[in-house]
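The hints should help you fit chain Z onto chain L, whose structure is shown.
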Amino acid sequence: MCTYQTEQISITGSGKGASGWFALSDATVYFDHPVHAMAEHTLNIDFLNPSRGPGARVAVELTAQSARELAKAIEVALASVPAELVS
Amino acid sequence: MSEGLTAKTISITGHGGDEIEAYLAVPDDGVSSRGSVVVIHHMPGYDSSTKEITRKFAANGYAALMPNLYYRDAPGASPDDAAATARAKGGVPDERLVGDVGGAATYLRGLAASNGKVGVIGYCSGGRQSFLAACSLPLDAAVDCYGAFIVNTPPDGMPLKVTPIIGLAKDLSCPLLGLFGADDKFPTPAETAELDRVLDELGKPHEFHTYEGAGHAFFSVDRPSYRPEAVNDGWQRIWDFYGKYLAG
Numbered sequence: 001m002c003t004y005q006t007e008q009i010s011i012t013g014s015g016k017g018a019s020g021w022f023a024l025s026d027a028t029v030y031f032d033h034p035v036h037a038m039a040e041h042t043l044n045i046d047f048l049n050p051s052r053g054p055g056a057r058v059a060v061e062l063t064a065q066s067a068r069e070l071a072k073a074i075e076v077a078l079a080s081v082p083a084e085l086v087s
Numbered sequence: 088m089s090e091g092l093t094a095k096t097i098s099i100t101g102h103g104g105d106e107i108e109a110y111l112a113v114p115d116d117g118v119s120s121r122g123s124v125v126v127i128h129h130m131p132g133y134d135s136s137t138k139e140i141t142r143k144f145a146a147n148g149y150a151a152l153m154p155n156l157y158y159r160d161a162p163g164a165s166p167d168d169a170a171a172t173a174r175a176k177g178g179v180p181d182e183r184l185v186g187d188v189g190g191a192a193t194y195l196r197g198l199a200a201s202n203g204k205v206g207v208i209g210y211c212s213g214g215r216q217s218f219l220a221a222c223s224l225p226l227d228a229a230v231d232c233y234g235a236f237i238v239n240t241p242p243d244g245m246p247l248k249v250t251p252i253i254g255l256a257k258d259l260s261c262p263l264l265g266l267f268g269a270d271d272k273f274p275t276p277a278e279t280a281e282l283d284r285v286l287d288e289l290g291k292p293h294e295f296h297t298y299e300g301a302g303h304a305f306f307s308v309d310r311p312s313y314r315p316e317a318v319n320d321g322w323q324r325i326w327d328f329y330g331k332y333l334a335g
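First to last, the protein sequences are chains L and Z. The first sequence runs contiguously to residue 87 in our numbering. The second sequence runs contiguously to residue 335 in our numbering.
Excised from the complex, chain L in its bound form:
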């Protein structure tokens, strides 16, 4: 798309990047050109901790179909456990 259109959320959790595990504070989600995936556009997610610098990033680039299946799988996984565990 060549735009800077980006969804941004605050998150809590951890991710494993190039330098090992680190705490996550933010995530960005956008549909744009990938760096590595062999597609013109992909749904890209960056799990970030800006306080640790630009390299504190776990990145994925997914085809639109893969991204939708991932979103469904997340919902299914959350729904399959007792509600008190995920409240």
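Keep in mind that the hints were calculated from the coordinates and are not lab data. All values reported here derive from a predicted model rather than from experimental measurement. We put the CB at the ideal spot given by N, CA and C, even for glycine.
Chain L regions said to be covered by chain Z (calculated; three or more residues, Cβ under 8 Å):
1) 18-31
2) 45-59
Here are the in silico distance ranges between beta carbons for each label pair:
3) Val76/L to Asn319/Z: 46 to 56 Å
4) Ser66/L to Ser120/Z: 47 to 57 Å
5) Val29/L to Val308/Z: 20 to 30 Å
Using the frame of chain L, we list chain Z on its own:
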């Protein structure tokens, strides 16, 4: 032409007097007067493929300089991490882009062998930015490779982080070469046709080529969008265009 060259990372003064990183490639051919090119990287950043393009200009007789548009956001970071950081911060403001390209042009004009002529070229988001720079700075030749949102507004529901700049066309300071893909959706052939019409109306010299069988990013040699026929013709158009307006 020797095709020998020297390439290195340097620091230049960009928008607002900021010192930013840039990649310089200069021919080692002993020529005493040459044109120069500012290379604007695509949205994925100041990466190895765009450095390769920068070196290609030097191999063909031009001094070429690519400013790292994301340097302020992530100095020293890898290109993909820097691109992600820049995006999270809202991207490159148009005003800053113009200042950084202006700083790069000033640097190139200051080289001992400069003939004073500077062109600009950009790919993807850089295509729009090439047009923006050529409408905002005194330049000698501009190339827009499939830049979207020059004419059209981004689709409904998208915040206007990238706004149309067709209103600047009256200020276009130099001839424009446009290289587009017939299958591209951003920009569509209809959008580039409208830009063509506006420039005709304004009497601005320009030359557009739209390649059948090519979509967006057909110059990217490491992507599935690569289209060798379009690229081979496109590079020849670039050499002819810059040869006419920058050489000597």
